[in-house]
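J.: Make the full structure from the sequences, and use the hints.
So the sequence lines, in the order shown, correspond to chains A and B.
So in this note's numbering, spot 349 of the first sequence is number 349, and the numbers just go up one at a time.
So in this note's numbering, spot 45 of the second sequence is number 45, and the numbers just go up one at a time.
In case anyone wonders, no lab produced these hints; they're calculated from the structure.
Keep in mind that a hint or two might mislead.
[Claimed, not checked] Label pairs and their in silico Cβ distance ranges:
# : chain 1 : residue 1 : chain 2 : residue 2 : range
1 : B       : K81       : A       : M290      : 47 to 57 Å
2 : B       : V122      : A       : G39       : 24 to 34 Å
3 : A       : M37       : B       : K81       : 28 to 38 Å
4 : B       : L79       : A       : R217      : 14 to 24 Å
5 : B       : L120      : A       : L206      : 30 to 40 Å
[Claimed, not checked] Subject to a maximum C-alpha distance of 35 Å in a straight line, what follows is the list of computed DSBU-like cross-link-like pairs (lysine-lysine):
#  : chain 1 : residue 1 : chain 2 : residue 2
6  : A       : K380      : A       : K346
7  : A       : K187      : A       : K282
8  : A       : K346      : B       : K35
9  : A       : K472      : A       : K346
10 : B       : K136      : A       : K472
11 : A       : K503      : A       : K69
12 : A       : K306      : B       : K35
13 : A       : K412      : A       : K4
14 : A       : K346      : A       : K306
15 : B       : K89       : A       : K472
16 : B       : K136      : A       : K4
17 : A       : K387      : A       : K412
18 : A       : K69       : B       : K163
19 : B       : K35       : A       : K472
No residue lacks a Cβ here, since even glycine has one placed at the ideal position from N, Cα and C.
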Amino acid sequence: MILKPQTLDIRIILHFLGKIVLGFGVMMVLPVVVSIMFGEIVPVVDFAIGFVASISTGTLCILLARLDKHMEMSWMHGMVVVSFGWLVCMFLGAIPLYLSGHWQSFLDACFESMSGLATTGLTLVQDLDHLSHGANFWRHLMMFLGGQGIVVVALSFLVKGGSGAFRMYVGEGRDEKILPNVVETAKFIWLVSLVYFGLGTLLLVLCGYFSVGLSLREAIFHGACIFMAAFDTGGFSPQSQSIIYYQSWLFEFCTIIVMVWGAINFNLHYAIWNGKRRELWKDVEIRTFMITLSLMTLLAAIALVKGHVYGDLASLGRRGLYQIISAHTTTGFSTIYSQQFMLEWKSLALLAIILAMGMGASICSTTGGIKMLRIGLIGKAFREDIKRFLMPDSSVVSTKFHHLKDMFLDDKLVRSAALMTIVYVLVYLFGTAAACFAGYPLLESLFESTSAAGNVGLSCGITQVGMPAFLKGVYILQMWAGRLEFISILVLGGFIVSYIRGK
Amino acid sequence: MKQRLSFCLAVVVVFLALGRWCEAASSQELIAEAKLFDGARVMYDGEVIGEVLARGDHAWINVYDGNNAVSVWVPAALLEKIRHTGGYKYAGDRVRLHGIFHRSCPEHGGTLDIHAQDLLVVEPGQPVIEDLSSEKILILVVLLGVLICLLMGRIFWMRRAHK
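T.: Structure representation (structure tokens):
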């Protein structure tokens, strides 16, 4: 028998949902400031509408909940709040974008909003090069908020700590606390992000001003936007040409540093902050990342050299290796046009980039995809099994690995890693099937689907304003599910079913 | 007769070469047929967007033709013609340029670019006047009214809860 959720369950969910929406709405003040700084009037009104709509929605939720005292959340509440909260934020975040007139429909604006929040980077914007600074900043800020986690924003300022807060934190696709208290963890994530924001933006501003040739004002704007998109492995860019616009190897190199830095587990950032730099080289995630990155680079390089796609080493590095790093960190910056993937890259190079996108980078970072820890554990389990066959029957085989601390590989860990990997692969295939159904070729469909569900943002040209509306919906679903790592969305589905069919 | 034939053939070859030498191309054609256009002299039209990115005696400009923007490597002498670049507040100068197209430029790290040889501003850029619609103001006022009502409701409920 399915139990129907009680009114109290809904009130608890509404209360915390309201707080998340309030936190999200307050952030719309920042693009207003940017618009004022650049003397843009209409975007101020667009964001004022978005701000008031968000604050009204948040207040309405809290008012409807009418919780007199602090209530602890169950796992179900936490998961539903997070998954539903992301959907509500997608709609609210899309309002100022749609009002700017640069998105053909509200669905397109929602696509952009989810792509930003989920740090994907696929875009349906029209005439991006004439978009206001305010709206452009909002696209990038959504990546920053979504990358650190909308719940992390709310946890830092609006929600009291406790087990309920931890349940929301887990629901957002993070299962490792950095500090014992989840609110302290959220605050640490923001502290790290803001310090890196300052340093990274400064690096990119200097590079943009001296190397690229941007004016100081634009260098600051581009530096901030590109940092948010790179550190949060998002992939939006202020200009339609992505990184091609800058035509500077130094700028490309700086974005690689920020992308890779953003792809590292926040726990490792914490270790580095505490002077434990050796952790960086010992951790199984980093080691797996180095191995897979080398393999994918080698595969792509062989294919591109054999196909005479790029004539020299510098071109191969800047056009070939760059895309692989961008794909593997699930950022989505590009130094080639999206059509060039299918027109010029050979099948083996495409396979390398699809694999890189599908695998992703670190757990508890802003990257998408299967994640390196899972790949590493599955690899170690394979090695252990082979070892077991080679050893005498009576021998005991055990495998140790280092992830923040020394651990033994057990079946439970491997099972969990394998399950998540299977789910990711199924979601990649689901999107591929949907695109094939819409009439796109298999390879293109697989590329785009992996990019959407892995929250990468590289496109081979399918993601366009003219693509079928149902495919836009599928990609929104994939981006949402990929970012939250499925569990909270499945719980939301279960909650809706139990509400309808429960007794 | 043979001489005449040879002459005609030569004329045809020269015309074909000239045609190949300077083809009008859109960004979509340049990207899709990059191998075909590689090394050819092309004519490309579009709006200058972003900023002029100065690099010594040359600069990069990005020219948008309605589908994609293509990077163009321009000698400083030609840059004086460009007055406005496109952005939120300006429609940039529309330029027509001739230059050598590279699918993967060996001089610039394999980028797809055009090395401009001459450049003409066909339509000067101009400021874009912002259009604030009254509908947006109306929506904002209505939403503000809703928000005030909600906040009053919240204050009322909080006072009741305290009692």
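J.: Now tell me, hint by hint, if it's right for this structure.
T.: Hints and how they fare:
{"no.": "1", "hint": "K81(B) - M290(A): 47 to 57 Å", "in the structure": "holds (50 Å)"}
{"no.": "2", "hint": "V122(B) - G39(A): 24 to 34 Å", "in the structure": "holds (29 Å)"}
{"no.": "3", "hint": "M37(A) - K81(B): 28 to 38 Å", "in the structure": "holds (30 Å)"}
{"no.": "4", "hint": "L79(B) - R217(A): 14 to 24 Å", "in the structure": "holds (20 Å)"}
{"no.": "5", "hint": "L120(B) - L206(A): 30 to 40 Å", "in the structure": "holds (36 Å)"}
{"no.": "6", "hint": "K380(A) - K346(A)", "in the structure": "holds (31 Å)"}
{"no.": "7", "hint": "K187(A) - K282(A)", "in the structure": "holds (26 Å)"}
{"no.": "8", "hint": "K346(A) - K35(B)", "in the structure": "holds (15 Å)"}
{"no.": "9", "hint": "K472(A) - K346(A)", "in the structure": "holds (27 Å)"}
{"no.": "10", "hint": "K136(B) - K472(A)", "in the structure": "holds (27 Å)"}
{"no.": "11", "hint": "K503(A) - K69(A)", "in the structure": "holds (27 Å)"}
{"no.": "12", "hint": "K306(A) - K35(B)", "in the structure": "holds (16 Å)"}
{"no.": "13", "hint": "K412(A) - K4(A)", "in the structure": "holds (32 Å)"}
{"no.": "14", "hint": "K346(A) - K306(A)", "in the structure": "holds (9 Å)"}
{"no.": "15", "hint": "K89(B) - K472(A)", "in the structure": "holds (31 Å)"}
{"no.": "16", "hint": "K136(B) - K4(A)", "in the structure": "violated (42 Å)"}
{"no.": "17", "hint": "K387(A) - K412(A)", "in the structure": "holds (19 Å)"}
{"no.": "18", "hint": "K69(A) - K163(B)", "in the structure": "holds (14 Å)"}
{"no.": "19", "hint": "K35(B) - K472(A)", "in the structure": "holds (32 Å)"}
Violation of the numbered hints given earlier is confined to hint 16; every other hint is satisfied by the structure.
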